[in-house]
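Asks: Below are the chains, spelled out letter by letter.
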Amino acid sequence: MFKNIKSTKTLVKKSLTIFLLAMTAVMFSSVAMSVQSLRGDSALDSKANKAGKHKIDTVEGGIERNFELQPPMIPHTIDKYRISLKGNGCMKCHSEKAYKKEKAPKVGDSHYVTRDGKTLKTISSRRYFCTQCHAPQTKDNPLVDNVYEGI
Amino acid sequence: MGLFSKEGTFKVLFFGFVLGVIFWGGFNTAMEATNQEAFCISCHEMETNVYEEYTDTIHYSNRTGVRATCPDCHVPKEWIHKIIRKIQASNEIYHKLLGTIDTREKFEAKRLQLAQNEWKRMLGTDSRECRNCHDFDSMDFDKQESRSSDRHEEAIDNGWTCIECHKGIAHQLPAGYDPADDTPGVEEEETDD
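Just so you know, the protein sequences line up as chains D and C, in that order. Just so we're aligned: 100 in my numbering is position 100 of the first sequence, and the numbers increase by one with no gaps anywhere. Just so we're aligned: 70 in my numbering is position 70 of the second sequence, and the numbers increase by one with no gaps anywhere.
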C-alpha cells in the first residue's frame, strides 16, 4: 500500500511536469503566432515586406468637402514641397502674397489668428504645419464600401 | 641648320601637330574630369550640403529614370561658355582653401548670397542650362496640369525665364527667402467658383 502511494505520487509529479511543459510550449507558440510587429511577420534579419504602391491623385478644381469645417484635402502631389524651420513650400502658392498670381486657393483666414486672438499678416505658427490637417489622396479603391453621406 | 631645310620644316610641323593633339586632348580630358559628379562631391562642402539635398528631388530620382547631375545644370555645354565658367570656378578653389563654408552653419549663413549668385547667372543666360533639356517648344501643354500650362503660357507671352519661378527645386531655399516676393505674375482678382 505504502509503496503504491509513493509510485502514484511520482506518477502525478511526472504528469504534472509534462503538462506544464506542454502548456509552456503551447503558450510560446501561440504568442509567436498572435503578436506581430508593424513590419509584418518577416524575420528581424530579413527585409521588411514591401509597402504597397500608392499614386497620389490629382483633381482639378479640388476635392469636395465631406462635412462642414473639414480641412480641404490636397488635390495634388506634395512630394516636391518641404515644410521646415527654414521655409514652407506650400506657401509658395497658397500664401497671401502668391495666391492671386498662382490662381491657388488662399490659406483660410482662421490660419492668421494666433491663440490670443490676434490677426497676423503672415500665417500663424500654430497653423504652420499644413499636413497636420490637410492630406493628399491616393487613387486606391477602398477595401470596404463607404456608406457615409457627406454634405 | 637642318631646321630650316625642307625636311626640317616637315619634322617641326609633324611633331608640332602630334604634340598639339596630345596637349589639347589632355587639356580637354582634364577639363571633362572636373565635369563629373564624382569630382563635384569629392569636396565635403558639396557632398554634405547641396548634394544631400538634391538626392531628395526630382532631378535625382523620378518616374522615367532620367537624371540631371551637377554639371548638367551648373556648367554650360558650349565650349566657350564652359571655359569661362571654369575660369570663374578658380575663385571657388580659393574659398575651398580658405574654408569659407566648411561647416553646415557657415554654409547656411552664406547660402542666400551663394544662391543669388547662381540665380543671377541663370537669369543672365535665359536659363540656358535648364533649356538643354526643358524647351517650351517641346512641351505638351495638354499633358500638364492646367495650372502649370497656364503659367507656362504666361511665361512665353511675357518672356520670363525658368529660374524666375523655379527656384529651390534641386536644393533647399535659403532661410528667410520668400519665393512669393519675386515670382513674376499678374495679380488677378479672386473669382468665386
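Just so you know, the hints here were simulated from the structure itself, not pulled from any lab data. Here the structure is a predicted model, which means the values were calculated and not measured. Idealized CB from N, CA, C, for every residue including glycine. Mixed in with the good hints there might be a few duds.
Unchecked claim - Below, computed lysine-lysine pairings styled on DSS-like, alpha-carbon distance capped at 25 Å: (1) D:K55 / C:K82; (2) D:K53 / C:K86; (3) C:K143 / D:K139; (4) C:K96 / C:K82.
Stated by the list, open to error - Pair by pair, the computed Cβ-Cβ distance ranges are: (5) C:R104 / D:K80: 19 to 27 Å; (6) D:E149 / C:H44: 55 to 63 Å; (7) C:H166 / D:R126: 25 to 33 Å; (8) C:G159 / D:T77: 46 to 54 Å; (9) D:V144 / C:D157: 47 to 55 Å; (10) D:T77 / C:T48: 24 to 32 Å; (11) D:Y112 / C:D157: 29 to 37 Å; (12) C:H166 / D:V144: 48 to 56 Å; (13) C:S138 / D:R126: 17 to 25 Å; (14) D:S84 / C:H166: 13 to 21 Å; (15) D:P142 / C:D157: 22 to 30 Å; (16) D:L143 / C:Q88: 34 to 42 Å.
Asks: Against each hint, give a clear statement of whether it holds in the structure.
Replies: Hint check results:
no.	hint	result
1	D:K55 / C:K82	violated, 40 Å
2	D:K53 / C:K86	violated, 43 Å
3	C:K143 / D:K139	holds, 19 Å
4	C:K96 / C:K82	holds, 21 Å
5	C:R104 / D:K80: 19 to 27 Å	holds, 23 Å
6	D:E149 / C:H44: 55 to 63 Å	holds, 58 Å
7	C:H166 / D:R126: 25 to 33 Å	holds, 31 Å
8	C:G159 / D:T77: 46 to 54 Å	violated, 29 Å
9	D:V144 / C:D157: 47 to 55 Å	holds, 50 Å
10	D:T77 / C:T48: 24 to 32 Å	holds, 28 Å
11	D:Y112 / C:D157: 29 to 37 Å	holds, 33 Å
12	C:H166 / D:V144: 48 to 56 Å	violated, 42 Å
13	C:S138 / D:R126: 17 to 25 Å	violated, 45 Å
14	D:S84 / C:H166: 13 to 21 Å	holds, 19 Å
15	D:P142 / C:D157: 22 to 30 Å	violated, 43 Å
16	D:L143 / C:Q88: 34 to 42 Å	violated, 58 Å
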